[in-house]
Amino acid sequence: MHVLTTPPFAGTDRGQQLFQAHYGGVWRAFTLVFALAFTLGCGATPPAYFRLNMVEATKQHLTTQQEEQVSTVLLAMFGTPDEPATLPEMGLDAAKLKLAAGPVRSDIVGRKNGLYREHCAHCHGITGDGLGPTSAFLNPYPRDYRPGVFKFKSTERADKPTHADLLRILHNGIAGTSMPSFALLSAAKIDALAEYVKYLSMRGETELSLMRAFFELDDDAAGKLPQTREFLVTETLAVAAAKWQGASAAQIAVPPMPADIELVDSIAKGRALFYGEKANCVKCHGVTGLGDGQANDYDDWNKAIVEADKEVAGGERRAQEAQTSGMSPDELKEHREQIAWLEKFTRVLDGDALKPRTIPPRNLRQGVYRGGRRPLDLYYRIHAGINGAPMPAGKGTIPPEDIWHIVNYIRSLPYEFDGELGADRPLVARDRF
Amino acid sequence: MTASTVRFSKGLCVPMLWVPMLVAAVLMMAGASAAAFADEWGTIKGTFVFGGDAPLAVELKADKDIEVCGKHKLQNEELVVGADKGVANVVVFVRDKGIKVHPDLAASAKSEKVVLNNAGCRFEPHVAFVQVGQQLIIKNSDAIGHNSNVATIKNPPSNNLIPSGGESALTFASEEAIPAQVTCNIHPWMKSWLLVRPNPYGAVSKADGTFEIKSVPAGEIELQFWHEKAGYIGEVTVGGKAEKIAKGRKKVKVAGGDNDLGEMVLDANLFKK
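Protein sequences appear in the order of chains B and X.
Here the working numbering is used: the first residue of the first sequence is 1, the next is one more, and so on.
Here the working numbering is used: the first residue of the second sequence is 1001, the next is one more, and so on.
Don't read these hints as lab results, they were simulated from the structure.
Ideal Cβ placement from N, Cα and C applies to all residues, glycine included.
Heads up, some of the hints might be wrong.
[What the hints assert, rightly or not] In the DMTMM-like style, the derived pairs of lysine to aspartate or glutamate whose C-alpha atoms are separated by at most 25 angstroms in a straight line are:
hint: 1; chain 1: X; residue 1: K1154; chain 2: B; residue 2: E343
hint: 2; chain 1: X; residue 1: K1250; chain 2: B; residue 2: E230
hint: 3; chain 1: B; residue 1: K278; chain 2: X; residue 2: D1063
hint: 4; chain 1: X; residue 1: K1045; chain 2: X; residue 2: D1063
hint: 5; chain 1: B; residue 1: K278; chain 2: B; residue 2: E262
[Claimed, not checked] Facing chain B, from chain X, some residues (calculated, C-beta under 7 angstroms):
hint: 6; residue: S1141
hint: 7; residue: N1160
hint: 8; residue: G1166
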């Protein structure tokens, strides 16, 4: 059971996070080597474990016992990466999960199992926390599934992607990022992986709700979550699961592109909207459309780390300024607890979080669209905004036909020429110096 | 109720008949206490005072839409201390679940709307209080476009474009344990907070540090104090006596009429971040 709780992280530098993220510190590596030494030659793989969301656990000031409570509940509900468990409330297909979970292996009829670890885990991590061993090398970082937030989908901003949305991303990959296309895999395999992503996401969301629930406990609960089905399943797991099940009903209804207007006129209208005060695209995507209008914003995943970093820095400054000489025993105890917490948070952020990066608005002159290049995909982005990112929803403000005009303008942007010959030519390295 | 569960969890032998009797007794007691205060409603009042030298207002510089936002005197509103050292924007709400709501206030969530306005390149008010099911209207009375990124945790978050003169209506199906941040991605200095509670028993301290929660049922209730910079306020000093309040929760006995909590001094150290 010890592996379910935090291993003592050895590193303190973000430069080591790559190693940390995969092996969870010297402790985990040691266990791994030990386990390997015992099992090599028998053809078995050491068991894999889900990592606890230590950033959230520390942010919520959870005690070790409370972290264990969360681990135990999650283990009972979701099992392990080798043996995933399901409850009927999840609405997940256990057979598909089985195909995706576990170590890479072939079953008795020669069918490949362990698809997630074969194709996904090196970036997205065994836990789906986006902290696989390659994650630190990638820009953008691989998605952390645990908050259950997905960007590129056909549903309203806060809603989950549909199963078909996940299949499309797996099939096409994400242009402009490190996410490749898995079109060479069979439809059944892609289907199993999409199901497993939902499983990891539901698990991560349940973990977050459990961790956040401690604060709301009344004092007489003595820091223990209610061990009732009502709380654990009905109020926690089922709430996360219902959002996934309701996704297909939340699909955006898209009216057809206006047919009674010439493309050139539609583009002109879209251009006016792009620069206009209503749609206001220009504010972030820039007057040039190069995505240089707003350079210092973060997406939700990175913002959480930026804020945690700030909290730690502020706490350290206050701890240093504090005058311990005048403190009562109680105050001194509190002061020491605070310092221990700050040290823990620093360790956790070093080992379990990647260095925050800003999110640039898309450069619309390149013709590379992460969520897909179909006009329909661009319509979804403008209508619903991008969940987790600063991009707001135009829905309710921009009428559907105007959204289509903007789509047409955006699609024309990579080819729009308005200026001196050569001025729009991309800079090659030797021209910069 | 607690008594019966404790007995069970310790595995003590409880004769079968006891259980329904115990539950019945507890229910009767609960009924009796509710009846005793049935017609009494009290108002909770208080003032938050800054303990220390009032911090100087920090001016913010608009780096977007300068022709409009540059005209307004923008200030960092994370900690606003008035002339009499009153601390503004302290959130106070009643924690008790399922608390009885005064009949006059029962319809307030349906009949009244809460407005959060993008005005002068800031949010007005800085902290808004909305009830579950109540309409929140996000408006924009500026000459420029805004967006309002509502980062709720239990409710679906939203981020709608709010063009000049436009508005967007939101309702929330569940309460939030802590106020949710509302920001504008176009103008990064714009920040505000949204308190979502299941009943009308919440308040935000005004510029002079005072707050008032009306028509609270008499009896013991638990108040929660929160401030964006201090987080859950862990200590208040009343009449020179410092009182630690774990997680910012303070039990208060409400009687009919006014219940004045007096001047609550919040030490300057609470706001250091």
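Here's how the hints hold up against the structure:
1. X:K1154 x B:E343: violated, 30 angstroms
2. X:K1250 x B:E230: violated, 28 angstroms
3. B:K278 x X:D1063: Distance ~20 angstroms between B:K278 and X:D1063 Cα, so the pair holds.
4. X:K1045 x X:D1063: Status violated; Cα separation ~40 angstroms.
5. B:K278 x B:E262: holds, 23 angstroms
6. S1141: Cβ of X:S1141 sits 13 angstroms from chain B, so the hint is violated.
7. N1160: Interface hint status for X:N1160: holds (5 angstroms vs cutoff 7 angstroms).
8. G1166: Hint on X:G1166: holds, closest Cβ of chain B at ~6 angstroms, below 7 angstroms.
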